[in-house]
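Protein chains: 2
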Amino acid sequence: MATIAPTTSSTALADLVPRLREICGEDGVLTDLSRRRVYESDGLTYHRATPGVVVLPTTTGQVAAVVSLCAEHGVPYVPRGAGTGLSAGALPHAEGVLLVTSRMRRIVEIDLENECAVVEPGVVNLDITRAVAPHGYYYAPDPSSQQVCSVGGNVAENSGGAHCLKYGFTAGHVRGLEIVTPSGEVVELGGKATGAHGYDLIGAFIGSEGTLGVATRITVSLTRSPERTVTLLSAFTSMDAGGEAVGAIIAAGVLPSAIEMMDALAIEAAEAAVACDYPAGAAAVLVVELDGPASEVDAQVERVVALCARSGAFETRTADGPEERALIWKGRKSAFAAVGRISPAYIVQDGVVPRTALGEVLGRIAALSAESGIRVANVFHAGDGNLHPLVLFDDSEPGAWERAEEVSGAILDLCVEHGGSITGEHGVGVDKACKMPRMFGEADLETFELFRRALNPAGIANPGKLLPTPRLCGERPGVRTGVHPLVESGEAEQF
Amino acid sequence: MATIAPTTSSTALADLVPRLREICGEDGVLTDLSRRRVYESDGLTYHRATPGVVVLPTTTGQVAAVVSLCAEHGVPYVPRGAGTGLSAGALPHAEGVLLVTSRMRRIVEIDLENECAVVEPGVVNLDITRAVAPHGYYYAPDPSSQQVCSVGGNVAENSGGAHCLKYGFTAGHVRGLEIVTPSGEVVELGGKATGAHGYDLIGAFIGSEGTLGVATRITVSLTRSPERTVTLLSAFTSMDAGGEAVGAIIAAGVLPSAIEMMDALAIEAAEAAVACDYPAGAAAVLVVELDGPASEVDAQVERVVALCARSGAFETRTADGPEERALIWKGRKSAFAAVGRISPAYIVQDGVVPRTALGEVLGRIAALSAESGIRVANVFHAGDGNLHPLVLFDDSEPGAWERAEEVSGAILDLCVEHGGSITGEHGVGVDKACKMPRMFGEADLETFELFRRALNPAGIANPGKLLPTPRLCGERPGVRTGVHPLVESGEAEQF
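First to last, the protein sequences are chains F and S. First residue of the first sequence? That's 1 in full-length UniProt numbering, and the numbers climb one at a time after it. First residue of the second sequence? That's 1 in full-length UniProt numbering, and the numbers climb one at a time after it.
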């Protein structure tokens, strides 16, 4: 497979600046180093680069003009939403344009009759729900960063969240896209009505991390708010017992909106940070959320409580008021930030295994941890087998990062070995591009490459992301703090 | 946009036959004219062509070898499942290979723990449900041809069915594909585990009508059989009142598994054919099916009955036993074949409108019918706005087909005008390839073309389907009976 790696000189870029200003206006183009540096990474701060120039377009026309200009001059560009991604999918190009969509934040239309909304890419995920909640609707995909992340970024990364188990990823909630292709053309994919027609490129575009273009308008499905939501917290004396309960719930035909699992180390961290008061002595807890019509939810709660007990739960709490529910979620949601209290640094891994392989893989992770002496905390979406192991290390200790990275990489290998995936919901970006061959054969990767080249022939759209660039694979990133400043402060919950 | 239209000489094809026999065996290659003629059309018999040669591979390796041979010699090939499609997507190429998957009909694996099955492309849709029903599961996509159509064909056309409203199209139920690309490579897309990784080409492949390759192994999701299913038949004195009821049901937050609607002409035809005993004097009937947990379904039935009454229903019947339910469905399912009783010939159109535009579009169709003097019967999936107008004509009358075609085409224009689509579930095939520009702009079609060329650069994979081939657009098909022999005999219910 050949390499796509456009390069451009800073001079070429400097020549474009006056034309970028004509397109986006004076305040829509940032050239000062200090202002450009703000954008040097997304949520994965291992990887950093200062963008050559930053543009902040406000319309589709401006995006198309910027991209056309880049195409004309062979200048790479990187699209960026709110910058909360966790795979360096929005890592800037030092000699390229960073195209930030944060000023495109209009909710263009709310169409309740057709149960959809049309939004610009910079709209914050939760703002859709805020706008439609009074009418009894919400926007279902809920990455933990939903208070700050943008819908455009969600489209680029096919973002999921705790409630994916029942409601699916972003791809399941987007009906239509207006995109600007890497040649600067404006193309419509899909629309309000359902039905197949032409190639359904929406699915392929969603999760393409900006390598196929920029979404400038997004038609999303709205979901009815459930009549009742109940959250359960169930405590077990072993991870195995918790895993057994997960299997039993699904096998019984109950489909919770979320099943989250935490191990003892994660519980310890959460307890230390937010005093969430989870049952003492738990080696594993499950957070199970059930939503839907009241009568049905009530019946399911009874079943889940019984199934957890049968799998060995020593305590199960049930909460149906918003405050009680928030209390249960508090421990789960704070767990990532909380790990900072018990370890100076950590790597968050993101992998998937078929749900039935969870027990086996968790056992192997525990063995890996024991062998290497590196602690691993597990907080994850158990229902859909989306693991988020936290590999703890001390970044002041020489070689510690490397050893942690090795364990973290071995966990991904385990996922692939068991028929899973190297990423569940954080995307590939720069971070995992080199790991794609662990999962895909040469023919698979060539097919991806053919597809990328079809829409992005010059390779100027977000180069180096998603697919391996052989020249770059093998190199290690320079900066390794591993923790996003927002995560450290507990403001973001991106997992 | 440039044309992709490979041609080959019969001589070139004849030279390949010995090699095809080496690959597929003696009985896997058909060259006799009489045997080839069997495959001259799919369910849309307007379009006919005798394939140059027919191959019946039994393994992925054979498919890959056949396709590689075609690629090597620039010979076009057309994949075909059970041949029940309704857009001439499997129309053979007279100088090409017809690659029939009907001998690849193994259910490779049923994995109940992961709620999926792995099947070969020739497996009959309903056979998946038959295999898993004893375990409390079924395969949700239910084209009316499900007793005979193949899963591979369903993937090629992204087939839907009456229960798409709640359960979605084929694309929503396929987790993984093994495909043979037009260059003969075997590529894996997706798998059992959920999660985004690489380009999600599954969605783009599903509905690509064989232009991007052949699916040789398909991993489908299994759905839990609902605890209760209730079917309602509600009769109205006007289509408007029926349409109002549809809107009211959805607005109330009830999501039936199906909402089907029939107008007076369709009811008359069904009554004449199968004596379904629908309420006398109905100008419109709705068939509404509700499924799910018993307690929830019971509550929903009450609501739907009340909402229909409020919209003016003069009678609503409720059926929860399998025989009573079948009786209600009998009229609906026989309607297409039944129309043959009241008209010598007819065209089945397939278009989509946003549900909220249904009333307006049905009114315009009635006006079109009145102006042209051509009768149009309406039987359709009202819940998701998927219209199936039956345009009736007398094929013995000169010019009648042309006038019917004009009305049929005008109906599609109405769909597009109202933000809908030129096809809901029958696909584009040859039949609607020339109509794609009514719906897509030049940039959109160029994007599709770029994508097709990426995977199918020589254009040998199912040429002339899905995208317009300018040279061919404007010509009319030669044969115009309009009715599939199976439909005439009432054996197939493909709508």
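Hints in this document: simulated from the structure, not taken from any laboratory. All values reported here derive from a predicted model rather than from experimental measurement. Note that the Cβ used here is the ideal one computed from N, Cα and C, for glycine as well. Please note: incorrect hints may appear among the correct ones.
What the hints assert, rightly or not - Negatives, chain S to chain F, calculated, CB over 12 Å: (1) SER34; (2) ALA94; (3) SER144; (4) VAL148; (5) LYS192; (6) ALA251; (7) ALA252; (8) ASP298; (9) ALA299; (10) GLY312; (11) PHE448; (12) THR469.
To be verified - Label pairs and their computed distance ranges (CB to CB): (13) S:ALA309 <-> F:GLY136: 57 to 65 Å; (14) S:SER238 <-> F:ASP27: 39 to 47 Å; (15) F:SER238 <-> S:ASP298: 37 to 45 Å; (16) S:VAL108 <-> F:PRO279: 54 to 62 Å.
Checked hints:
no.	hint	result
1	SER34	holds, 35 Å
2	ALA94	holds, 26 Å
3	SER144	holds, 17 Å
4	VAL148	holds, 21 Å
5	LYS192	violated, 5 Å
6	ALA251	violated, 8 Å
7	ALA252	violated, 10 Å
8	ASP298	violated, 9 Å
9	ALA299	violated, 6 Å
10	GLY312	holds, 20 Å
11	PHE448	violated, 5 Å
12	THR469	holds, 14 Å
13	S:ALA309 <-> F:GLY136: 57 to 65 Å	violated, 23 Å
14	S:SER238 <-> F:ASP27: 39 to 47 Å	violated, 57 Å
15	F:SER238 <-> S:ASP298: 37 to 45 Å	holds, 40 Å
16	S:VAL108 <-> F:PRO279: 54 to 62 Å	violated, 44 Å
Of the numbered hints stated above, those contradicted by the structure are hints 5, 6, 7, 8, 9, 11, 13, 14, 16, listed in ascending order.
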